[in-house]
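Following the hints, position chain B against chain A.
Protein chains: 2
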Amino acid sequence: ARPRVGYFYTGKTGSQLLTEKVKQITVQEYQSIPVVVNQSSSVYDAICTMFLEDVGTLFVVDEYSTLIGVLSRKDLLRTSLGKQDLEAVPVSIIMTRMPNITVCQKDDLIIDVAQKLIDKQIDALPVVKEVDRGTKVEVIGRLTKTNITKVLVDLAYDELI
Amino acid sequence: ARPRVGYFYTGKTGSQLLTEKVKQITVQEYQSIPVVVNQSSSVYDAICTMFLEDVGTLFVVDEYSTLIGVLSRKDLLRTSLGKQDLEAVPVSIIMTRMPNITVCQKDDLIIDVAQKLIDKQIDALPVVKEVDRGTKVEVIGRLTKTNITKVLVDLAYDELI
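Read top to bottom, the protein sequences are chains A and B. Numbering (the working numbering) for the first sequence: 18 to 178. Numbering (the working numbering) for the second sequence: 18 to 178.
Here chain A stands alone, though its shape is the one from the complex (with noise of 0.2 Å):
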């Protein structure tokens, strides 16, 4: 639940009021179900979950549910098109590997995300959970500029105010 105070404060412009607001929407409230393959998966493997799940990435995670690892459709891709049998070439060799994943937490800001999004010119992030002390993460969740996009039609049909 967002905090209601402070929204009609005199003085504040319209343009204020909604820069406020969009800047306190989190992640939380947007995400979508993360969808994981195993790192000992293979590629064909990981293909067909992309289909049958309908996704653009996947989450790749070690026996202990921890992130290990991120696949997009592009990374798929690229890999259909070499010479080698898919279904013997393992995700874990494939795979964009911690700590080169961009990831975000569930009370992040939309509005940041969405910033990292663009920047780093990908379509998902994993939304992550700290474990064990903060060494490692857990998937909880999946941002997508799907859910992004949601948000912008909810602005506009004045869901969120």
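It should be emphasised that the hints constitute simulated quantities derived from the structure, not laboratory data. Take these hints with a grain of salt, some might be off.
A pair holds if it fits inside one copy or across any two, identical chains being indistinguishable in the list.
[To be verified] Derived lysine-lysine pairs resembling DSBU-like cross-links, with alpha carbons at most 30 Å apart:
| # | residue 1 | residue 2 |
| --- | --- | --- |
| 1 | LYS40 | LYS146 |
| 2 | LYS38 | LYS167 |
| 3 | LYS91 | LYS167 |
| 4 | LYS133 | LYS153 |
| 5 | LYS137 | LYS40 |
| 6 | LYS133 | LYS146 |
| 7 | LYS123 | LYS146 |
| 8 | LYS38 | LYS146 |
| 9 | LYS167 | LYS146 |
| 10 | LYS153 | LYS137 |
| 11 | LYS153 | LYS123 |
| 12 | LYS153 | LYS40 |
| 13 | LYS167 | LYS123 |
For chain B alone, kept in the frame of chain A given last:
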């Protein structure tokens, strides 16, 4: 075009001003450059173009620059899994074909395009211009979820108002 009366009537709240502002942004303010391939290109060439140009959606045109199809990363990934020789398959076999393509025009509202992207579960729309008395369309731009994400960031940093 939306009627342009009444935006600053006294009695409007900040949220009403916001909503009205968001509803005035048009496609041409945020569209990207379109990346096209000819209908006689092979799937292999299309995949190379997609990587070289770093886009997620290609538009397929005929020799008169008329839009005849759309190719997504998903279409190309699906095809690359098959046993065919990708250099021998023309894109016209696998593309989504007119009139099954959702399009937009430069004066359309961003918010309406955002809603279409969500409803149709696609990543980008071609921005088109009618030619030959509306019987055909030319591609003049590309409107993606990245463009929509940029709108939200600009709103938050008050770049629009």
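Contradicted hints - numbers only
none
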